[in-house]
Amino acid sequence: MAAKKSAKKGAAKKGGAKKSSAKKGAAKKGGAKKAAKSGAKKSAKKAAKRTPNAAFMKAMTPSAQLSMVVGSAPLPRTEVTKKLWGYIKRKGLQDAKNRRQINADENLKPIFGGKSSVSMFEMTKLVNKHLK
Numbered sequence: 039m040a041a042k043k044s045a046k047k048g049a050a051k052k053g054g055a056k057k058s059s060a061k062k063g064a065a066k067k068g069g070a071k072k073a074a075k076s077g078a079k080k081s082a083k084k085a086a087k088r089t090p091n092a093a094f095m096k097a098m099t100p101s102a103q104l105s106m107v108v109g110s111a112p113l114p115r116t117e118v119t120k121k122l123w124g125y126i127k128r129k130g131l132q133d134a135k136n137r138r139q140i141n142a143d144e145n146l147k148p149i150f151g152g153k154s155s156v157s158m159f160e161m162t163k164l165v166n167k168h169l170k
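Numbering (the numbering used here), first residue to last: 39 to 170.
Simulated from the structure, these hints should not be mistaken for laboratory data.
All of these numbers come straight from a predicted model, not from anything done at the bench.
Incorrect hints may have been included.
[Unchecked claim] The calculated DSSO-like cross-link candidates involving lysine-lysine, where the alpha carbons are at most 30 Å apart (straight line), are:
(1) Lys153 to Lys96
(2) Lys120 to Lys170
(3) Lys129 to Lys87
(4) Lys167 to Lys127
(5) Lys120 to Lys135
(6) Lys135 to Lys96
(7) Lys120 to Lys147
(8) Lys87 to Lys153
(9) Lys121 to Lys170
(10) Lys135 to Lys121
(11) Lys87 to Lys135
(12) Lys167 to Lys121
(13) Lys127 to Lys147
(14) Lys167 to Lys96
(15) Lys147 to Lys87
(16) Lys147 to Lys170
Construct the complete structure from the given sequences, taking the supplied hints into account.
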């Protein structure tokens with residue numbers, strides 16, 4: 039009789055193991071579905087068109103020194119940056135070895151505070167001082 043009980047316990051354990059693995063598989067499938075749903079939501083948000091920040095789109099008047107490079111018409115900051123980079127590339131003012139450095143010519147020196155070379159990150163900070 040003891041042998042029969044142990045045989046039943048072993049069968050129960052084996053059957054229990056099968057059920058738990060089935061549950062684990064179902065749980066894995068459910069998790070994959072949740073991940074797929076959340077991924078779909080993220081891609082839907084990316085598809086929506088972003089509205090630009092109004093502060094960047096406000097037309098600002100460049101100073102006399104900056105107007106020699108980008109023009110005297112009021113422009114948004116984004117356009118000022120684009121025109122400034124166009125000027126830098128056209129004149130070849132980006133440093134050959136360290137591409138983050140911008141070498142100043144006679145038009146850019148007053149904008150850069152008299153410095154002969156500034157980093158591109160410092161450049162945007164200095165240019166913002168010349169916008170009203």
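List in ascending order the numbers of the hints, as given earlier, that are violated by the structure.
-> 3, 6, 8, 11 and 15
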